[in-house]
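Participant: Each chain, letter by letter, is given below.
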Amino acid sequence: MSTLRSALLVAKREFMAAFDAPAGYLVLAFLPALSAVLFFVTGPFFAFDTAELRGFFLSLPWLFVILTPAITMRLWAEEKRAGTEELLLTWPMRLRSLVLGKFLGAWGILAAALFATIGLPITVAALGDLDLGPVLGGYFGALLLGGACLALGLFLSACTDNQIVAWLGGAAVLLVLNLLGGAATAEATPPWLGRVLLELDFGKHFEDLSRGVISLADIAFYLIMTAFFLALNGLVLLRRSWS
Amino acid sequence: MSDSSTEMVVSVQGLSKTYRSGGAEVHALQSLSFEAPAGEILAFLGPNGAGKTTAIRILAGFLAADAGQAKVCGFDVASDSLEVRARLGYLPEHNPLYLDMRVEDFLRFAAKARGLAGSSLEQAIDRVVAQTGLAEVFRRRLSECSKGYRQRAGLAQALLHDPELLILDEPTNGLDPVQVVEMRRLVRELGKEKTVLLTTHVLPEVEALADRVVLLRQGQKVVDGPLMDLQAPQAGLCQLAIAAQCSLADLESATAAAGATWLAPRAAPFALEGLHAGLVELPSAMAIPEFAQSLQAAGVLPLQLAPQGGPLESWFLQAEAQR
Numbered sequence: 020m021s022t023l024r025s026a027l028l029v030a031k032r033e034f035m036a037a038f039d040a041p042a043g044y045l046v047l048a049f050l051p052a053l054s055a056v057l058f059f060v061t062g063p064f065f066a067f068d069t070a071e072l073r074g075f076f077l078s079l080p081w082l083f084v085i086l087t088p089a090i091t092m093r094l095w096a097e098e099k100r101a102g103t104e105e106l107l108l109t110w111p112m113r114l115r116s117l118v119l120g121k122f123l124g125a126w127g128i129l130a131a132a133l134f135a136t137i138g139l140p141i142t143v144a145a146l147g148d149l150d151l152g153p154v155l156g157g158y159f160g161a162l163l164l165g166g167a168c169l170a171l172g173l174f175l176s177a178c179t180d181n182q183i184v185a186w187l188g189g190a191a192v193l194l195v196l197n198l199l200g201g202a203a204t205a206e207a208t209p210p211w212l213g214r215v216l217l218e219l220d221f222g223k224h225f226e227d228l229s230r231g232v233i234s235l236a237d238i239a240f241y242l243i244m245t246a247f248f249l250a251l252n253g254l255v256l257l258r259r260s261w262s
Numbered sequence: 268m269s270d271s272s273t274e275m276v277v278s279v280q281g282l283s284k285t286y287r288s289g290g291a292e293v294h295a296l297q298s299l300s301f302e303a304p305a306g307e308i309l310a311f312l313g314p315n316g317a318g319k320t321t322a323i324r325i326l327a328g329f330l331a332a333d334a335g336q337a338k339v340c341g342f343d344v345a346s347d348s349l350e351v352r353a354r355l356g357y358l359p360e361h362n363p364l365y366l367d368m369r370v371e372d373f374l375r376f377a378a379k380a381r382g383l384a385g386s387s388l389e390q391a392i393d394r395v396v397a398q399t400g401l402a403e404v405f406r407r408r409l410s411e412c413s414k415g416y417r418q419r420a421g422l423a424q425a426l427l428h429d430p431e432l433l434i435l436d437e438p439t440n441g442l443d444p445v446q447v448v449e450m451r452r453l454v455r456e457l458g459k460e461k462t463v464l465l466t467t468h469v470l471p472e473v474e475a476l477a478d479r480v481v482l483l484r485q486g487q488k489v490v491d492g493p494l495m496d497l498q499a500p501q502a503g504l505c506q507l508a509i510a511a512q513c514s515l516a517d518l519e520s521a522t523a524a525a526g527a528t529w530l531a532p533r534a535a536p537f538a539l540e541g542l543h544a545g546l547v548e549l550p551s552a553m554a555i556p557e558f559a560q561s562l563q564a565a566g567v568l569p570l571q572l573a574p575q576g577g578p579l580e581s582w583f584l585q586a587e588a589q590r
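From first to last, the protein sequence lines stand for chains A and B. Throughout, our numbering is defined as the position within the first sequence, counted from one, plus 19. Throughout, our numbering is defined as the position within the second sequence, counted from one, plus 267.
Bound-form chain A, shown alone (with noise of 0.2 Å):
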């Protein structure tokens, strides 16, 4: 069976095993929910006058520390728990048909969540004149920004069996990512060692997605920092043959 042939049968598998209870549901609705009150209720968006989105655009990697761990621990935490790994890993599908397959059901259950997000868009647009450009653009680089969180949020799955750790290590580390920012512009930190840390500032590459700017920077950054997270959940799990 063909790589992509066996990565779309996990990713299925996942997306559907996702809605099959209610914390599947609970994703879904605690994007939408939580945005809109931050982009209504909390955020300066009747202060200001415009019909934009860039503040619901500039909270979603804030919301996606919360968010991407919860989608992603269960999907190798549970697996290696339950030992339907052991089911997985000896089942004729290459180890890279694994990682991404899983990947992709991760992805389509964070597009599900954007996706229900839509009525943001469209109650902006009833109340002024939207440009849709920006709005395309900004859930481009949100599938994107989602895309690199998701890959992190895997790799520590593969590395543990419980779910809350795997949650709490993603949510952490996504954390520390987005404030990279910060402390690089911080007074102790050496210029170069700034220049470095805001280069790995997970928030600071969607900034320009969020106003509808595509960046190649930026998108690659996203894609490199993606596949290198999923290229380490399939050296954790070909590690853990060997040991």
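What the hints contain is simulated information worked out from the structure, not anything from laboratory work. Heads up, some of the hints might be wrong.
Pulled from the structure, derived: some chain B residues nowhere near chain A, Cβ distances all over 10 Å [claimed, not checked]:
hint, residue
1, A305
2, D343
3, Y357
4, P359
5, Y365
6, D367
7, A380
8, R406
9, V445
10, V448
11, A475
12, D478
13, A544
In the DSS-like style, the derived pairs of lysine-lysine whose C-alpha atoms are separated by at most 30 Å in a straight line are [to be verified]:
hint, chain 1, residue 1, chain 2, residue 2
14, B, K414, B, K459
15, B, K414, A, K31
16, B, K414, A, K99
Backbone N, C-alpha and C define an ideal beta-carbon position, used for all residues, glycine too.
Since the structure of chain A is provided, determine the placement of chain B on it from the hints.
Facilitator: Same frame as chain A, but now just chain B:
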């Protein structure tokens, strides 16, 4: 690459595996070699921790060996893992399943993972459902199925692609007596067409199913031979259940004084104040009456001296005693 010259479905040479944990090393397998021809039911027998599960996990592609070579249907498990996995059906120990899935969905998922599609997928599912008797629970969630049905579902996923080799790790573990009988009937049926490699520490299971036995102890092969050979009486291996109205310590020391080997304590065979029992092994030159006299000379009057089990049990207990 496939080696068409071999008729062996399983061929293992010098397989070794060491687990490292906290600086300590556990030699799970030490230069294990064995072969299994087509159409044979081979039982991996041994006490817990003997290396049975490690050996079959390496064959199934779940673990990598540190040294040695293992081939399934002529394909190397390390370099041709996908080919090997496509040719074997594997029921892991404790039968892990996706309990959130319905039996039907689980079998479809497993079948697609094995590359089946379309009418061949439907036929495969129909076949294994009939073979394993899953029709009654086909639409039920696995979490709602009894342990017996779950075990059948685990076996069904291993049979979907009609594999040449079936690997079953403790297939009757945790089943009730009726389910055990049913599972053994299934395995016996399957063994008529396929090579079956099963692990167990249940001796009646071996005697009921196996054509050949490989006995493991501490990762090493102790015995490898046809079941019938191992069931033949052996001079020098005689186990006795012994019971006497004295303390367990006195019974153990009297056994040693009489020149026999104390193997393990056992439950008293009948209700009597102060009665204790155990299992002992007599040296080859010693007859039972001679042992009884020696016990009495040591101050213990045996109230029971019963030869135990078959020769297979003797082999097993010998391996256990040497741990």
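Participant: Which earlier hints can't be squared with this structure?
Facilitator: 3, 4, 5, 6, 7
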